[in-house]
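Residue numbers (the working numbering), protein chains in the order written: chain H, 1 to 198; chain S, 1 to 295; chain E, 1 to 167; chain L, 1 to 665.
Think of the hints as simulated: they come from the structure by calculation, not from any bench.
All C-beta atoms in this analysis are idealised placements derived from N, C-alpha and C, irrespective of residue type, glycine included.
Please note that the accuracy of each hint is not assured.
No farther apart than 25 Å at their CA atoms in a straight line, the calculated lysine-lysine pairs in the DSS-like style are these [stated by the list, open to error]: (1) 413/L to 577/L; (2) 290/S to 165/H; (3) 602/L to 97/E; (4) 343/L to 93/H; (5) 475/L to 391/L; (6) 524/L to 357/L; (7) 143/S to 33/S; (8) 80/L to 577/L; (9) 121/E to 348/L; (10) 80/L to 41/L; (11) 261/L to 221/S; (12) 93/H to 478/L; (13) 290/S to 183/H; (14) 91/S to 261/L; (15) 149/S to 176/H; (16) 124/H to 91/S; (17) 261/L to 413/L; (18) 24/H to 221/S; (19) 534/L to 97/E; (20) 290/S to 221/S; (21) 478/L to 149/S; (22) 413/L to 534/L; (23) 109/S to 193/H; (24) 149/S to 475/L; (25) 357/L to 261/L; (26) 109/S to 24/H; (27) 24/H to 124/H.
Short, incomplete list of chain L residues facing chain H, as computed with Cβ under 7 Å [what the hints assert, rightly or not]: (28) 405; (29) 442; (30) 468; (31) 471; (32) 474; (33) 475; (34) 482; (35) 484; (36) 487; (37) 488; (38) 491; (39) 493.
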Amino acid sequence: MDGPVKKKKMVISQETMDVDFVRKVEMLSDTSVRRCFQCGKCSAGCPMATFMEHPPNRVVRLLQLGQWQRILAGRSIWYCASCETCSTRCPNKVHLASIMDALRKLSWDAEGASKESYVQLANKLFLQNIRSYGRQYEMRLAAVFNVKSGQFLKDLMLGPKLFAKGKLKMFHSKNKNMAEIEKIFGRIEEMRKNGEAL
Amino acid sequence: MTSDKALTYAYFPGCSLHASAGEYDLSTRELFKALEIGLTEVPDWFCCGATPAHNVDELLSLSLCAKNLELAEAVEGDLAVACASCFSRLKFTQHTLGENATKRQQVEKAIDAPVKLEGNVKHLLEILARDLGLERLAASVQKPLSGLKVACYYGCLLTRPTDVPNLDCVEAPTIMEQVIESVGAETVAWTHRLECCGANFTLSRPGVVIQLTNAILDAAKAAGADCIMVGCPLCHGNLDIRQKEIEGVFGANYNLPVFYLTQLVGLAVGLDSARLGLEAMIVNPLPLLKSKGFL
Amino acid sequence: MHPEKTISSDFEPKVIAFVCTWCTYAGADLAGTSRMQYPSNVRVLKFPCTGRIDPVFILKAFQQGADGVLVSGCHPGDCHYIAGNFHARRRFAAFRKLLEFVGVDLQRLQFSWVSAAEGGKWVEVVTELTEKVRAMGPMMEFKELALEEQWSGAMISPELQDAYRQI
Amino acid sequence: MSRIGVFICHCGENISRTVDVERVAAHAAALPGVAYATEYKYMCSDPGQTLLKKAIREQRLTHVVVAACSPRMHERTFRKAVEAAGLNPYLCEMANIREHCSWVHEDREQATVKACDIVGMMVERTKKNRVLPTITVPVTKRSLVIGGGIAGIQAALDIADSGHEVVLVEREPSIGGHMAQLSETFPTLDCSQCIMTPKMVDVANHPKITLYTYSEIELVEGYIGNFQVTVRKRARSVDERTCTGCGVCMTKCPQKKIPNKFDQYIGMRTAIYVPFPQAVPNTPVIDRENCTRFKTGKCGVCQKVCGPGAVDFEQQDTLIVEAVGAIVVATGFDLYSISEKPKGSPIKGYGEFGHGKIPDVIDGMTFERLASASGPTGGKIVRPSDGREPKQIVFIQCIGSRAREKGISYCSKVCCMYTAKHTMLYHHKVHDGQAYVFFMDARTPGKSYDEFWRRSIEEEEAVYIRGMVSRLYQKGDKIVVMGSDIAVGVQVEIEADMVVLATAVQPQQGADLLAQKLGISYDKYNFYSEAHAKLRPVECATAGIFLAGACQGPKDIPETVSQASAAAAKVMTLFSKERLEREPIVARVREVGCVGCFACKKVCAYGAVEEKEIRDRQGNLLRVVASVNPGVCAGCGTCQATCPSKCVELDGYTDEQIVAMIEAL
């Protein structure tokens, strides 16, 4: 994927192994990366491994070495389907699915470090929808996504059919709890600003 | 679990059931009415955040779910959840906040209220199989689904990971089979009951989704299934809505109607097909149901 | 801690260490053969096992003028006698209340694990306790209270009996 | 009034450099009860000891304190010297003024003060020392060996060859254990049965060995040198003395389709059976659960055809009490089953591998039976499902082992090697087949082991894939193996005809129950615990009980045999004396004050505290008090500190002695 970073020789020292970043991952995911002994069972069962440049076990390996830049520079974390197969079958109780969540969170914080844009865009729109409407409106989500991603014609054939089947609704009412939702978003932002949460 | 006391639940339909999965919502309400199980929708519930929220912001995901759990306290009864994704997130929230005191404190600050973890969160399958009980379910059958070969599809989120949803065995669950066999249908043994359909990428990477979903449809067909049964609107979206597209891309011919569990059980307990939202299904189920004599 | 007391700068605290023979005694021997240095205030009493150490000995030591007491044995799971240190730990946990009740500042009492291979740790533990107790000043409580009667003879009191029952 | 002698050693300059020994001697001489005090350059030397002995006699000393090095160094030396001078050795104590004083303090004044204190403490303690008799217990020179696998057989033969009687108890109908099930053995590929069966015959023919098969340990009482063991000899339904082993009963038995445990349930046997043709003893057993006679009362063919009339349907279990002086525990291992829920795990078995329901997914031991020339297929490797030869075979390592979510975190040690062996056996028998092995790392420490593993790859063409398998599922008549190769970083899929799982080595079922009967400790997996991981790997902490083989932890055959011989040597050492001598540091109960609460019994890790009935002259029970068996007591003193009424005393560490030391400060 990213030639320069991926192929570059890894120089290992206390300076190049970013322990702080790994600790953040461990704190967010509630799991230890040191427990992994690289058996590869996660990669063996991952439905998305064929789409990733770093298979799941290698993502953990890079974390063990404190080489997070190599992870975030690629798309692997954005191709995780959150299916929990890896966490379920790991012989060492490493919750890899949670580690992936943590990595995506930290990737967002690192602003634009990662390549994969479509998945990130979809996630962003989804969260914006919650903040603005309280609930998810698939029609709106899909339409905005297509506009923003420049794929105006994607799934064009599905639209009218779903509409006819009543699966896409044009109109929606605002949730009565909207004020409360805005407060939750606000409080979380506040906590992060004050360093009370990652 | 089974008692003569009237069963009544707080109901969390989730966003999809108010939109693309309207027939799941409709058939759930109708089925529960027919089975005399009380269902009261949690007022002003909001989105659980589903996969996108925990994908990039776990604290937000936990807070949204904790808020919903708090809202559900206002309604009597355990919380009935139809969508596997909502179910998974609510269960995850209960599990995580029960284990991690730091995260619990952060969430309490975010929602400005103590978190409530005591309430039971139940998927519809649990209510039918355990609370109502398979015997009572079987006793309500008017039209046994004899001769219908069903491939039960669990997907990722109903059972995984270990210790979180605790719905059934993580690797070899049987609850769906138990429910549908108790209303007279046959089930097929097949290989892709728990494989992922890629719902997370429905919007962003449909190319990935159709590959994963194709493998599932292929396995169900190979096992000799007449149809697929699901308990998740996201799985349904991929298996049903995209089926024609997949057939086109891969040159296959599946023609497998994808039912929600409440539609099939509803049919068996004698609900009129109009009240099951069958017309909303993209892969037309009517020829199959007619050929088996259920309509 | 005791502002009313004037602590002379040349106060040399008395520290008594109750140790098991298999781990900590051997660890202290190792500190010797390695010629490590530590304050000379400590006096060592050897027991076969920390399991043998009756909490009454601790009281007795304080009453006898000790300013600090160290109890040290094998690491959990390493007991030469399978589980003696485990029983000791449980027993001491139950006795903490009693010690507080009779006026022992728990700061003066230290429990630790020192294995036969940990000469350095023995030095650390002894030095630390000695300096801590030195800073706290002499242990006056028992001397003032003259508990002579209560803690002599059969060494049985209602509080002690009660504590035994809790174990 | 005591007359204590205090002897202060300079230890060359080791002590005298920092401690003013003359001042210490003067200080000691002034202590009440001290009759004599002196110092000398080397107390431990011959002249030093002579000085000590002379002083004891001339000064009529009653107690001795030697202020010198650590008692761990020279306590024995000085106690022997004291004994030679006619005093009880336990009236001599050492004051440690070297390791605990002169070596660790530089300030001469402080060190001298401390040395005086230490000597003072030991003087006060020694005053309270009592004469302690050396404790001896008689030794019954017979040994019990539990378990008739290779470990038990080796230990039994070694002990018996040294001329001592051995009672060998085996739970199964035949001895031989797992080694008799194996086809070939690594790293030499010699046939397991060829090297095993002669040893089994040796056991049967040995005049010093009493063999009880189909028997279990019911009860163990007593202590080192003096155990009484009750053995339950289960009803065989065939009289061992009259049976000639002709086997006619087995050929005539109508029940022929009972899965045979010895063949991992892939071969069949009759209801009256020997588990395998070379069984020792060669006397059949009736499996009452499956015998038509026992189920319906209808059959009885075996009895009719038995010439000598050995079949006895009425036979009952019998209990036999054996007196032995030592016990060797050699109960071996069992394999973890992927359909079972392991101890301490939330997960039931391996659902991702089909919970044991895919017929052609087998474990390593089943593969051994398939490959064994005397096995149910005559050594042909075929699939249990349809009898076809597998052309693609997949081996997966570390199933259950090294998997903490399954509750087992240890390495099973033998799987890497036996899998390498399996790939070779497979290659020898199925020339056009291919073996694949999914593994993490090959653990092959052992003589010629790594070479053996390399051979399986380089010469026998096994393909090793570094990576684990996520899932197995049946697809048609193939098993789809979803694995990964972490070196390449890609997923690997193999459509296999057969899959062999290297499942974890675990202790035998019920190992914990046997340990409780024996009073020995075991770890969280039920492996038996040795007394010291490095220096006493063969003994249990409980005196007189020794360990051999995989019951202590996963082991291969050479290691097992070594440990068995080591255990036998330990038993012979024990039997080399008429009576056992031991330090008299044991607990005693003052029966008068004992209220019979048995708090002491609860904390005793050795089971040394017994309940003793006190009766009046008419024999009426007055009360029950605690009593310590000096043969079993290890002398930790936990009972004494626990006793709420202060009625237990540990000799050598009495309250009096300790309080005297504290008061001396």
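Check whether the Cα positions of residue 343/L and residue 93/H lie no farther apart than 25 Å. 16 Å, holds
CA of residue 109/S to CA of residue 193/H, is that 25 Å or under? OK: residue 109/S and residue 193/H at ~14 Å, within 25 Å.
If you draw a straight line from the CA of residue 124/H to the CA of residue 91/S, is it 25 Å or shorter? The hint holds at about 24 Å.
Does the CB of residue 442/L sit less than 7 Å away from some CB of chain H? Constraint on residue 442/L not satisfied, violated at 13 Å.
Within 25 Å, alpha carbon to alpha carbon, are residue 290/S and residue 221/S? 20 Å, holds
Residue 121/E and residue 348/L: Cα distance at most 25 Å? Violated, because 44 Å separates the two Cα atoms, which is more than 25 Å.
Interface hint for residue 474/L, Cβ within 7 Å of any Cβ on chain H: 17 Å, violated
Pair hint outcome, residue 24/H versus residue 124/H [Cα-Cα no greater than 25 Å]: Answer holds: residue 24/H to residue 124/H is near 22 Å, not above 25 Å.
Against chain H, is residue 475/L within 7 Å by beta-carbon distance? Constraint on residue 475/L not satisfied, violated at 16 Å.
Are the Cα atoms of residue 261/L and residue 221/S separated by 25 Å or less? Between residue 261/L and residue 221/S the Cα gap is close to 40 Å, so the pair fails against 25 Å, i.e. violated.
Between the alpha carbons of residue 109/S and residue 24/H, is the straight-line distance 25 Å or under? Roughly 20 Å separates the two Cα atoms, so the pair holds.
Hint validation: residue 484/L versus chain H, beta carbon distance must be below 7 Å. Holds or violated? 4 Å, holds
Checked against the numbered hints listed earlier, the structure breaks hints 1, 6, 9, 11, 12, 13, 14, 15, 18, 19, 29, 32, 33, 36, 37 and 39; every other hint is satisfied.
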